[in-house]
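Visitor: Given only the sequences and the hints, what does the whole structure look like? Please build it.
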Amino acid sequence: MSANGWLQFGLYCLVLLATVRPVGAYLARVFEGERTWLDPVLRPIERLIYRLSGVNASEEMNWREYAFAMLGFSAVSLFVTYLIERLQAHLPFNPQGIAAVGPDLAWNTAASFTTNTNWQFYTPETTMSYLTEMAGLATHNFFSAAVGMVTALALIRGIKRTASATIGNFWVDTTRTLLYVLLPASLVYALLLVAQGVPQNLHAYTTAHPLEAPAQTQTIAQGPVASQEAIKMLGTNGGGFFNANSAHPFENPTPFSNFLQILSIFIIPAGFTYTLGRMTGSPGHGWAVLAAMFILFAAGFTAIYWAESQPHPLIHGAAQSRTLTAPGGNMEGKEVRNGIAESALFATITTDASCGAVNAMHDSFTPLGGMVVLTNIMLGEVVFGGVGAGLYGILIFVVLSVFIAGLMVGRTPEYLGKKIESYDVKMSMLYVLIFPLIILTLTAAFLLSPTIGLPALTNQGPHGLTEILYAFTSAVGNNGSAFAGLNAAVNPTTLWWYDVVMGWAMLGGRFLMAIPVFALAGNLAMKKSVPPSPGTFPVNTSLFTLLLVGVILILGALTFFPALSLGPILEHLLLKAGQVF
Amino acid sequence: MHSVWKTSIRFTIVTTLLLGLGYPLAVTGIARALFPRKAAGSLILKDGRVIGSELLAQSFTADRYFHPRPSAAGNGYDATNSGGSNLAQSNKALVERIQGSIDKLSAENPGTPVPIDLVTASGSGLDPDITPDAAFFQAPRIARARDLSQDRVRQLIQQHITGRQLGLLGEPRVNVLDLNMALDKLTK
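One line per chain: the protein sequences are A and B, in this order. No gaps in the numbering here: position 68 of the first sequence is 68 in our numbering, and each next residue is one more. Quick note: to get our numbering, add 581 to the position in the second sequence (first position is 1).
Calculated directly from the structure, the hints in this document are not laboratory data. Built from N, CA and C at the ideal position, the CB exists for glycine as well. Do not rely on the hints blindly, as some may be mistaken.
[Said to hold, decoys possible] Cβ-Cβ distance ranges computed for the label pairs, FRET-style:
(1) A/P311 - B/D628: 41 to 51 Å
(2) B/I611 - A/G535: 37 to 47 Å
(3) A/P311 - B/G610: 45 to 55 Å
(4) B/I611 - A/G54: 49 to 59 Å
(5) A/G54 - B/R618: 28 to 38 Å
(6) B/K673 - A/P311: 29 to 39 Å
(7) B/L615 - A/A489: 33 to 43 Å
(8) A/T451 - B/L606: 26 to 36 Å
Guide: Structure (structure tokens):
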């Protein structure tokens with residue numbers, strides 16, 4: 001670890017903190033339907049979208065209608081992406097003449113991008129046409145980000161409204177999120193990325209004749225990278241235009257582009273805490289939630305940065321310590337321009353959020369570094385979390401924290417003026433339990449199958465267990481990062497099972513978990529507000545922040561610790577003892 | 582229910598046209614106008630032929646050139662199949678590969694520990710950079726192969742070090758293709 005590494009972390013935190021208030025306030029304006037400075041340009045487009053889609057913008061929906069609209073939109077857009085993938089050979093913007101995507105992979109990828117997961121069982125350079133990237137995949141980067149954000153918005157409205165049967169209009173909320181937040185931000189951001197060197201063109205791939213051997217060739221994959229990169233990060237999607245994702249110099253060419261990328265992962269989730277405080281009239285609560293996120297974020301970064309700075313215990317004769325001009329540490333799978341600090345920071349952020357982009361290969365991390373990355377996802381991606389998904393995720397933990405505090409003092413818990421009753425706690429527990437249930441069941445099933453699950457492994461021993469555990473955790477958590485040694489394409493049977501089962505796992509992790517959130521939102525909206533009493537547990541204090549951190553850690557640790565001890569912890573101990581596989 | 586499906590279909594079509602075609606094509610147009618070279622992949626031309634991209638590693642194996650980091654992209658430096666080795670630290674194959682490279686490299690510069698980035702595969706397999714330490718490590722070999730003094734080679738490396746961006750971000754590095762092109766100019 002170096003002073004410069006910590007300085008970069010400190011700078012990141014300061015810049016992020018400075019964005020919270022302006023971003024959060026802007027989001028609130030957009031969500032409340034207030035006027036923004038973009039109105040002169042965007043308001044006519046917004047009206048046009050309503051007219052063309054047949055949306056009645058003044059209609060209010062109850063939680064079931066809202067959830068149905070969300071599911072309907074997701075299903076239709078999933079199907080459109082599936083069609084584009086299957087038909088890409090006959091569609092325009094395919095200068096490389098790439099063939100149709102096979103049915104099971106097309107299903108897996110469509111499910112993956114619809115759920116904001118962006119798990120990729122393919123090498124994009126040779127599998128997807130430019131049209132598929134732009135109209136099939138990048139659109140979902142917008143859609144799934146907006147869906148996550150309006151789900152959180154619905155929950156905030158549930159907390160805010162009293163004795164109300166409705167929680168807003170899905171189509172209006174989604175349109176405004178897309179138009180006033182994601183589209184303009186992506187446009188500016190994409191151009192900043194091009195200025196750093198990210199390509200943006202529709203050319204066929206370039207054939208180069210290398211300096212040392214001009215008779216040979218190097219084919220250079222190109223494409224509309226910057227436009228996709230921008231929304232990939234801003235919408236915490238994480239699906240790479242190239243196989244190596246943000247480790248690829250075309251996706252992330254400079255340390256400054258790297259800084260922009262990690263900032264853009266957290267910028268909306270961090271701002272959302274301020275939106276929560278502002279819309280519910282309790283700004284202190286927003287800051288208290290943000291503080292809990294920062295504590296878990298800093299802890300994760302410290303652990304990963306330390307672990308990745310360690311030398312490999314079994315390698316001799318190499319300079320593995322930091323010098324003024326070399327970062328040392330574990331450089332397998334990492335890029336020189338990022339070094340250890342920026343790789344550790346990116347890995348922490350992408351798994352705290354449900355982004356899943358990577359600028360270094362997590363599979364080659366040290367056992368403990370890899371464990372922390374995995375644990376971040378296992379905590380439910382509530383440390384900032386995905387856009388919207390992080391906020392509704394942590395609000396579930398907030399409800400549980402308030403409930404536990406209520407149990408301690410023997411009173412009916414209240415949260416921002418709403419009584420938390422049995423239905424609310426049941427929905428919250430449903431949300432919390434669906435997650436490990438799917439992950440652990442499917443991990444166990446694939447681990448026990450020598451013909452389906454195990455042939456995909458690149459690494460053996462405890463690390464192999466972690467590869468499968470990571471895959472299902474990432475899928476259900478809608479993260480999308482991978483221990484990418486897991487290669488399902490070894491034989492058709494293995495590929496089919498991973499493609500199909502993980503596709504359903506991703507849908508489960510997204511939609512089975514969103515429905516209890518809508519139910520909670522609807523139920524809270526119907527309640528009357530009760531004034532705070534001396535017995536009310538305040539949710540804007542440091543005591544609350546610490547309780548929230550405790551609840552998140554205890555739930556995560558209790559659920560997943562046995563699996564972690566069989567994977568990364570065992571691997572670490574064996575490696576220390578000189579055992580390799 | 583009927584109206585949900587109808588609205589979903591119409592909304593998907595409208596927004597796909599806007600976000601899936603309008604947005605990326607607008608970015609493409611503006612990018613080409615403002616940053617034509619970067620938008621086209623930062624390609625380097627020599628005698629009218631593309632020799633590579635400034636941002637991507639390419640293979641160098643001769644003694645007279647600086648070598649990039651090992652690549653796990655395809656069969657090596659395949660810019661249509663980027664990626665890392667994905668080998669775990671506890672994988673025997675990784676330990677043997679790294680130790681083998683170290684033993685080989687130690688022979689060309691005995692007594693100096695091998696900078697770790699020079700024997701580890703990058704995440705993309707296309708990392709265009711090596712650390713300054715890894716460049717200096719190769720100086721004796723280059724000097725021998727090109728019949729230059731080691732000081733001259735070290736001086737050239739020094740001139741090609743890119744510092745931290747804004748003095749703070751990332752790590753100091755040397756672009757291998759740039760350095761090799763400068764090397765060719767020097768001994769022409």
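Visitor: Hint compliance check: list the failing hint numbers for this structure, sorted ascending.
Guide: 2, 4, 5, 6, 8
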